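**Q** Each chain is listed here by its residues.
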Amino acid sequence: ETAVFQTPNYHVTQVGNEVSFNCKQTLGHDTMYWYKQDSKKLLKIMFSYNNKQLIVNETVPRRFSPQSSDKAHLNLRIKSVEPEDSAVYLCASSYSYNYAEQFFGPGTRLTVL
Amino acid sequence: GDSVTQTEGLVTLTEGLPVMLNCTYQSTYSPFLFWYVQHLNEAPKLLLKSFTDNKRPEHQGFHATLHKSSSSFHLQKSSAQLSDSALYYCALRRSTGGNNKLTFGQGTVLSVIP
Chain D
1 ETAVFQTPNY HVTQVGNEVS FNCKQTLGHD TMYWYKQDSK KLLKIMFSYN NKQLIVNETV
61 PRRFSPQSSD KAHLNLRIKS VEPEDSAVYL CASSYSYNYA EQFFGPGTRL TVL
Chain Z
1001 GDSVTQTEGL VTLTEGLPVM LNCTYQSTYS PFLFWYVQHL NEAPKLLLKS FTDNKRPEHQ
1061 GFHATLHKSS SSFHLQKSSA QLSDSALYYC ALRRSTGGNN KLTFGQGTVL SVIP
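Those sequence lines, one after another, are chains D and Z. Take 1 as the starting number for the first sequence in my numbering and just add one per residue. Take 1001 as the starting number for the second sequence in my numbering and just add one per residue.
Just so you know, these hints were derived from the structure itself, not from any lab. Owing to the predicted nature of the structure, the values given are computational and were not obtained by experimental measurement. Please note: incorrect hints may appear among the correct ones.
[What the hints assert, rightly or not] Heads up, simulated BS3-like pairs for lysine-lysine below, C-alpha to C-alpha not over 30 Å straight-line: (1) Lys1045/Z to Lys1077/Z; (2) Lys1077/Z to Lys40/D; (3) Lys1049/Z to Lys71/D; (4) Lys79/D to Lys52/D; (5) Lys1101/Z to Lys1077/Z; (6) Lys36/D to Lys24/D; (7) Lys1049/Z to Lys1077/Z; (8) Lys79/D to Lys41/D; (9) Lys41/D to Lys1045/Z; (10) Lys52/D to Lys24/D; (11) Lys24/D to Lys1068/Z; (12) Lys52/D to Lys1045/Z; (13) Lys52/D to Lys71/D; (14) Lys79/D to Lys36/D; (15) Lys1068/Z to Lys1101/Z; (16) Lys24/D to Lys1045/Z; (17) Lys40/D to Lys24/D; (18) Lys71/D to Lys1068/Z; (19) Lys79/D to Lys40/D; (20) Lys1045/Z to Lys1101/Z; (21) Lys1101/Z to Lys41/D; (22) Lys1101/Z to Lys40/D; (23) Lys40/D to Lys1068/Z; (24) Lys1049/Z to Lys41/D; (25) Lys24/D to Lys79/D; (26) Lys1101/Z to Lys1049/Z; (27) Lys1077/Z to Lys52/D; (28) Lys52/D to Lys1049/Z; (29) Lys44/D to Lys1101/Z; (30) Lys24/D to Lys44/D; (31) Lys44/D to Lys1068/Z; (32) Lys1049/Z to Lys36/D; (33) Lys1049/Z to Lys44/D; (34) Lys71/D to Lys1077/Z; (35) Lys52/D to Lys36/D.
[To be verified] Among the chain Z residues that face chain D by a calculated CB cut under 7 Å, a handful are: (36) Pro1044; (37) Leu1046; (38) Pro1057; (39) Gly1061; (40) Arg1093.
Using N, Cα and C, we set each Cβ at its ideal position, and we do this for glycine too.
If we strip away everything but chain Z, and leave its shape as in the complex, we get:
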């Protein structure tokens, strides 16, 4: 079956330092990959999604590149902000099969400190 593995647990960073949250996946269906962000007591929101044509998606300073050779979709940002503190999920959806089911990783909490 499909699976997604993320950086374990809690990542604590000082404001201004670069962010990298790891995401690797297993799927036999050449999937689409996503990053969702959930701030405290809020709904998860889509942050980034992979493209099929190797473009690098970017949003709010975050970017991620889908590397099919290593089955990875790591989330990066050059300079962390206090407002980036949140729970981040990496998720995949199969490219075939029409039920749009998302398989989520276990989530990574990012805590940015002054």
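Next up, chain D with everything else stripped away, as it sits in the complex:
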């Protein structure tokens, strides 16, 4: 099966902890993305990588850092989480950075207590 996979599905943690989310795509795409979907369902891009290189870095707090080991994997680390980080984090991929259609994973729901 080819798709975008994310782990974990859910994560509950305390303020100040560090968390890490994984994303893998088996579509053979060159470009991957992280989006944040907040409690009001607003969907905003955070980062974009093309062939392991960062090409989009929206204004997000420094505690967020993407990590890419190869073009099929893009992880997201959050150092010292805060309550406003509670959201669903969606990973996506596209054939290339010039190819508009993006394929999304099911998301990781983060709850910060």
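Using the hints, position chain Z against chain D.
**A** Coordinates of chain Z only, in the frame set by chain D:
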């Protein structure tokens, strides 16, 4: 900057009635427009995308026409089905500038009732 505005909040329709979800946009780059659909606890999926040659994209009974004069890309369907209940996003991507960044509207929840 780019922005997308959609029909606010929740739209509730009776099965069989026509669907129209509004989408207007602002961009200085003659963008491509998209509709994504997200069913409950699922990933967003591409529903429609605009063409450059004024063709009207259609998928699963939904269609949308890009009107550059009014900066709109409204989503329509002639007859709503219960399975159409979902969250719908309109999004744009600039036609120039190679980072493929999508700017999403705030989303519209469509609830189709029997």
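**Q** Taking the hints in turn, state whether each one holds.
**A** For each hint, the structure was consulted:
Proximity of Lys1045/Z to Lys1077/Z is assessed by CA-CA distance (about 17 Å); at most 30 Å being required, the pair is judged to hold. For the given pair, Lys1077/Z sits about 25 Å from Lys40/D by alpha-carbon distance, which is consistent with the 30 Å threshold. For the given pair, Lys1049/Z sits about 25 Å from Lys71/D by alpha-carbon distance, which is consistent with the 30 Å threshold. A distance of roughly 21 Å separates the Cα atoms of Lys79/D and Lys52/D; the hinted pair therefore holds under the 30 Å criterion.
Among the hinted pairs, Lys1101/Z with Lys1077/Z is consistent with the structure: their alpha-carbon atoms are about 28 Å apart, no more than 30 Å. For the given pair, Lys36/D sits about 17 Å from Lys24/D by alpha-carbon distance, which is consistent with the 30 Å threshold. Using a Cα cut-off of 30 Å, the hinted pair Lys1049/Z and Lys1077/Z holds, with the two alpha carbons roughly 15 Å apart. Pair hint Lys79/D plus Lys41/D holds up; C-alpha atoms about 23 Å apart against a cutoff of 30 Å.
Taking the CA atoms of Lys41/D and Lys1045/Z, the gap is about 15 Å. The hint holds against a cut of 30 Å. As the CA atoms of Lys52/D and Lys24/D are separated by approximately 13 Å, the hinted pair is consistent with the 30 Å bound. Under the criterion of a C-alpha separation no larger than 30 Å, the hint pairing Lys24/D with Lys1068/Z is inconsistent with the structure, at around 37 Å. For the hint pairing Lys52/D with Lys1045/Z, the CA-to-CA distance comes to about 24 Å; that is within 30 Å, so the pair holds.
Proposed proximity of Lys52/D and Lys71/D is supported: the alpha carbons are some 5 Å apart, at most 30 Å. With a C-alpha separation of about 16 Å, the suggested pairing of Lys79/D with Lys36/D holds against the 30 Å cut-off. Proposed proximity of Lys1068/Z and Lys1101/Z is supported: the alpha carbons are some 20 Å apart, at most 30 Å. Our distance criterion of 30 Å between C-alpha atoms is met by Lys24/D and Lys1045/Z, whose separation comes to about 17 Å.
Simply put, Lys40/D and Lys24/D have alpha-carbon atoms about 26 Å apart, close enough for the 30 Å limit, and the pair holds. For a cut-off of 30 Å, the pair hint linking Lys71/D to Lys1068/Z is broken: about 36 Å separates their Cα positions. Straight-line distance between C-alpha atoms of Lys79/D and Lys40/D comes to about 24 Å, which keeps the hinted pair within the 30 Å bound. With a C-alpha separation of about 16 Å, the suggested pair Lys1045/Z and Lys1101/Z falls inside the 30 Å cut-off, and the hint holds.
For a cut-off of 30 Å, the pair hint linking Lys1101/Z to Lys41/D stands: about 18 Å separates their Cα positions. About 21 Å separates the Cα atoms of Lys1101/Z and Lys40/D, which keeps this hinted pair within 30 Å; it holds. Of the supplied pair hints, the one linking Lys40/D and Lys1068/Z holds, its CA atoms being roughly 29 Å apart against a limit of 30 Å. As the CA atoms of Lys1049/Z and Lys41/D are separated by approximately 21 Å, the hinted pair is consistent with the 30 Å bound.
The suggested pairing of Lys24/D with Lys79/D holds, with an alpha-carbon distance near 21 Å, which does not exceed 30 Å. With a C-alpha separation of about 15 Å, the suggested pairing of Lys1101/Z with Lys1049/Z holds against the 30 Å cut-off. Using a Cα cut-off of 30 Å, the hinted pair Lys1077/Z and Lys52/D is violated, with the two alpha carbons roughly 40 Å apart. Note on Lys52/D and Lys1049/Z: the hinted pairing holds, with a Cα-Cα distance of about 27 Å set against a maximum of 30 Å.
Taking the CA atoms of Lys44/D and Lys1101/Z, the gap is near 10 Å; set against the 30 Å cutoff, the hint holds. Distance check on the hinted pair: Lys24/D and Lys44/D sit about 20 Å apart at the alpha-carbon level, within 30 Å; holds. Annotation: proposed proximity of Lys44/D to Lys1068/Z holds, straight-line Cα distance about 24 Å (limit 30 Å). For the proposed pair Lys1049/Z and Lys36/D, the alpha carbon gap of about 22 Å is at most 30 Å, so the pair holds.
For the given pair, Lys1049/Z sits about 19 Å from Lys44/D by alpha-carbon distance, which is consistent with the 30 Å threshold. With a C-alpha separation of about 38 Å, the suggested pair Lys71/D and Lys1077/Z falls outside the 30 Å cut-off, and the hint is violated. A threshold of 30 Å between alpha carbons decides the hint, and for Lys52/D with Lys36/D the separation of about 20 Å falls inside it, so the pair holds. The interface hint given for Pro1044/Z is met, as the beta carbon of that residue sits about 5 Å from the closest beta carbon of chain D, less than 7 Å.
Look at Leu1046/Z: its Cβ gets to within about 5 Å of chain D, closer than 7 Å, so that hint holds up. With a least beta-carbon distance of about 12 Å to chain D, the hint placing Pro1057/Z at the interface is violated under the 7 Å criterion. Hint status for Gly1061/Z: violated, given a least beta-carbon distance of 20 Å to chain D, over 7 Å. The interface hint given for Arg1093/Z is met, as the beta carbon of that residue sits about 5 Å from the closest beta carbon of chain D, less than 7 Å.
Violated hints for the displayed structure, listed by number in ascending order: 11, 18, 27, 34, 38 and 39.
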